[in-house]
Structures are given as C-alpha cells and as structure tokens.
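Using full-length UniProt numbering, the letters of the sequence shown map in sequence onto residues 1 to 620.
Everything labelled a hint here was simulated from the structure, so no lab data went into it. Treat the numbers as computed from the prediction; the structure is a model and nothing was measured. Note that the Cβ used here is the ideal one computed from N, Cα and C, for glycine as well. Errors might be hidden in some of the hints.
[As the list claims (entries may be wrong)] Straight-line Cα separation of at most 16 Å, EDC-like style, residue types lysine to aspartate or glutamate; simulated pairs: (1) Lys48 to Asp361; (2) Lys507 to Glu176; (3) Lys166 to Glu262; (4) Lys502 to Asp361; (5) Lys430 to Glu489; (6) Lys492 to Asp361; (7) Lys325 to Glu176.
[Stated by the list, open to error] Pair ranges (Cβ atoms, derived): (8) Asn380 to Thr105: 39 to 45 Å; (9) Gln343 to Gln287: 32 to 38 Å; (10) Thr105 to Glu478: 42 to 48 Å.
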Amino acid sequence: MKKTTQTINIVPRVGTCVVLTPQWFASGEYSPQQTGFAPLINGERAFKALASAIEQAKHSINIITWGFQSSMYITRGGTPKRLGDLLKEAAEVRNVKVRVLVWFTQLGQLTDPNFPGYGAFKTQRTEKDIFGDYVPGYGADGVKTSVLTDADYEYDKEWHYNVKKKLIGKGNLIVEHREMSWGKDRKEANQRFDQMKNENNNKELDDLIAALSKQENDDAIQQANDKLKEHYPDPSSLQKLLLSRYPTHHQKVVVIDYQEPENAVGFVMGHNMLSAYWDKDDHQGIQVRASEGRDGETPWQDNSSCVCGGVVSHLYHNFVEAWEKNIGPEPELNQYSTMSAAQHCFSREKMNALNQRLDLDPNFPLKPTMAQICRTQPQNNCFEVETLYNNALCLARKYIYMENQYFRYPPFVAKIKKAIEERQARGYDKPLYLFVITNSTEEKALQSGSYMTYRMLEALGRPDVVPNYHRKAHPELEKTAPVNAKHIEGLKVHVCSLVSPKPDPLKPSLWQPVYVHSKVMMVDDVFLTLGSSNINLRSMRFDSELNIVLQDSDPIGLIPPMRRHLWQLHTGKATDDPEQTYRYWNSIISENKDKKLNNLKPISSLIEFLDENTSWSALD
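Put together the whole structure using the sequences plus the hints.
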C-alpha cells in the first residue's frame, strides 16, 4: 500500500493563500470516499443503532463478526429485544435475506467461547417432567459463555437448530461459520514464515496448546506453559509460531439494504454480538440481568461506527469476498456485487434521512467526512491497517491517542521515536504527547501478551509500570532496586487503564477494572481509525481485520467531539490542549493512587497502567 501521488494546483488570481494538509490516506484496494460517519461509543449506542437498522431492513442484512449470540438482548430496559428475534422477524415477516458469517473453531472456544448454540442438535436430557417423561433438549458445538443463563443458552441452541432445519426464517435466514484465516491457504502461511517452520513439531505444538487450553488450575497451566517454553525459549519466536498456526477471522462488519443505495447503511464495529459487550457510558460496577442492562462480568469500554456513502460498497465487497471464499458463490450476492461506490455515493439528503430514521445519539449523528476502508488480509498479502498506522504515527505533531484492548506492537514505538528524532534534527522543539488507554497485563486473562507490552513500555521509557519485567530483563539489577521512568526528549507519555467510577460496594475492592475492548486511534484531531484491529502482531500480520480511517480536516470536525467525549468519560474533563491534558491526567493518576491506598473509591475511571507480575508470556 503506497501513498497516493499528490497534485497541487495553485491559482493565484482566485485566492491569496493555500492551505496544505498532509496525506493521511494511502493507495490500496479501496479508495477514499466521501462518507457519512457516526461514532457509536459503548454498547448501548452501538446496539441501539444496529437494532433500528435491522428493524427497518427491506432487502438484506449481511453480518460478519467474530462472536455471535442469538439470545443477546440487543436493546435493554423497557421492552428488551433479542438479536435472534429481530433477525427472525426480518426474514419471516419482511422477506429480508439475512446472512451471518462467524469465525468458529473447536479449539478457539475452549478458552474464549464466541458462538453459543451453534451446530445444535436434538438430544434427550436425563431429567423428567411432571408426567415422568424425559424432557427433550438440544446439544451444540458452540458452548455456553460465562455470562449466559441456562435459559438463554437453551434459546441459542433452539434458535440455531431451527435455523439449520429451516423451521424459522422461511429460508431467508442463513448462519454459517468460517475457521482459521488460512484454511486452505496453509501453504502460503508456511511460505511467509519459512524461518518459523518446523513440520515435525506441528502435532506436538497442537497437543501442547490443546493441553494448555483445557487446564483449569494455575499449576496445570503453568506446567503446560513451561513445556512450551522449553521447546520455544525465545518469546518472540514462540509468538510468531503460534500466530502463524492459529490466526482468526476478526472482522466485525454489517451491511444492510445494499441493493437500494438510497437506504443502504453499514456498520464498522469493534463490538462483537455477544451479551458481555453491552454497556453504558457510566460503566457501573453493579451487574444486572441481561434484559435490564450490563450483565457482563466487568464493565466494558468499546467503540463502533455507523456509515453511509461509497464506503458501504467496499464493505459489501469485503462481505461477498469472505462469503464466497468460505461458503461458496451465491448468485443473489453476485447480482449486486457489480454495483460501484459511485452508485452508493454520499449525499447530504441520504445522510439526513438516515439520521431521521435510525436510532442514533443526537449528539453523534452521521456527519460528512472523507473515509477509507483498510484491511489486514494475510491471504492476499494485504497489510493496509499497519501501513496506515505507520503513516499516521509519522505524521503526528501534537498528540496521539490510543484506546485499545492491547498495547503489544513494539514497531509502532520505534516509528514514533524515529519521527521525533527526525523532527528534532530539523529544529522542531515541541513535544509529542502520547496518551494510551489499555488493559493491564497483570490481569490473568491478559498475561499472554505481557512480554510485548513490556517491550513497548520499556522503549517508551516507562519500565516503572512493569518493574519486575524490567528486573527480569536486567538481571544485574538488585531485586529491591527502584525502577524509575526514563525521560525521552520530545515525548510525553501516559499509559493508563480504567476502573469503574461507580463501583459495586458489595465487592471486596472498590477498584473494579473496566475491560477496554476499543480499537481506536486519533492523531491531532485530523486522523481517526477504528474497527476490529488491535495493537498487536496478530492484528497487523495474521488475522483478517477491517478498520475505517478518517481524514477529518474540516474546521468543524467530528473527531474533536468524539475525543472530548471519551476523555470526559475517563477523567471527568476534556481540553483541546495536549499539554493541559497531560498535566490533568497526571493529577488524576496521582490522586487515584492516594485514594486506592486509603481504600476510597476512585475520583474517575483513569488510573495508571501497572503490572507487577514476575513472569511474562508471549503466546499472543
């Protein structure tokens, strides 16, 4: 993916000045398009907007996602609605063609169930009803997620069984799965990683990973982990080998009514269609029933988007490509695949009509901007997401804001530092502010990537927040020696995590983590990307991913309101000055440290990232 060639025509008679904006887009498979874009911050907004689009669909609903739960209450409180019911109604009552494509493997669900009820089959239970007859029921390949009630899981199994047998949906409802990204492309995977190949150990590696996945106690997990390290002692080598063997399809995209350009709408999502992903902005610590509010085990921070215009054509092309590769050609899909981005071109009339009929937050309606779809598609040697990240990091002048599930890709730090050094060599003396919100790798579920997070923090001069990893990497240090932050000329860094500002008072600690699942980066209020891509090697090089990228150079842009809203959520205050923001975050971090020491609840969500574990891992 190369930058597009820029041609600048200056007409002196027309004006006395010219404003030049750096090129944030790159030339790839999909060209930039004028687009209507609305951010969907957190699950309440995202799923409410999606539900309204599904309910109004006239022709087609095409869904690609990593996780899907038919029993999920997509709207909550008042009259809650299940996702499965909405799709069933669309297919049966309005004759809408519904296609759902979900990544699913038996191995993957051992550690992270993502498709409850899929592959359902009829069975009999051992219990009897009041008449002494055995109660019929369902088994399924897709296992129950941790937050599912028994009743909801029964709904999922029955729903999938009825879809498979065409007992619901009038034949218009199709749910399919796809497996590893490589699938039949295993040959290409091996060619790309010749240096990691070890054919004799493939079965042994599979067995080790399966053993690791099935363990339920810490000792057994540690033993399996130790055995892996014996075979692959270099963490980065082990990571590459595992990723080349176990990639996933990670895209999260919805395209509705593509056949009718005036009403076509798309969703580029960070959210999966699973119950735990639903949450409100306030991230309350109290867990409630799924029909009423957040039922996930932790509060959940996430971002998605609603779009219209030419990019919808590119989202549809991506869907057709995935469906045909994994399921096979379908004449009806192909019938409309020749429709171009020009036929779906943006218009304010179309955008305003969608703003009227979709259930969007009035503070964040669809607004016009320039946008581009970018992907990681290793099978096609496509790494556009990484290219656009690299370009944006090099162009940053004021601030970079990353809100991401993971912070595990050291090459990005190298890019930032090199760009700063080059600017300083040219006499630029203003610092770049890097604000990061991610999950602490101290949490057990996130330790698998702790080695790469450590490498990033070390390179950013922040070994103080991973002190034991720093000591491990520098055995010459005394175990009790203090580990301090290191100054990097031209760079100011805050790396933070989130906790609930309204914790559950009945829990042992008032400091209850908010799980960050976002995949957002903003630069200088001009560049924004969000979608499915994490900041890790998996998303940049191995999994299939899809992001949307905005170049928002309009003086009244849509990036500043979104950024302010996010910073207001996390800190209680948002400014447009990076230096003021840096100082304010510093004060919040310091005050929250004092609050925690005194067992008082946090003053806001923002806390400093900290991982005091002594053993790192590079499985992801």
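Checking against the hints above, which ones are violated?
-> Numbers 2, 3, 4, 6, 8 and 9, in rising order.
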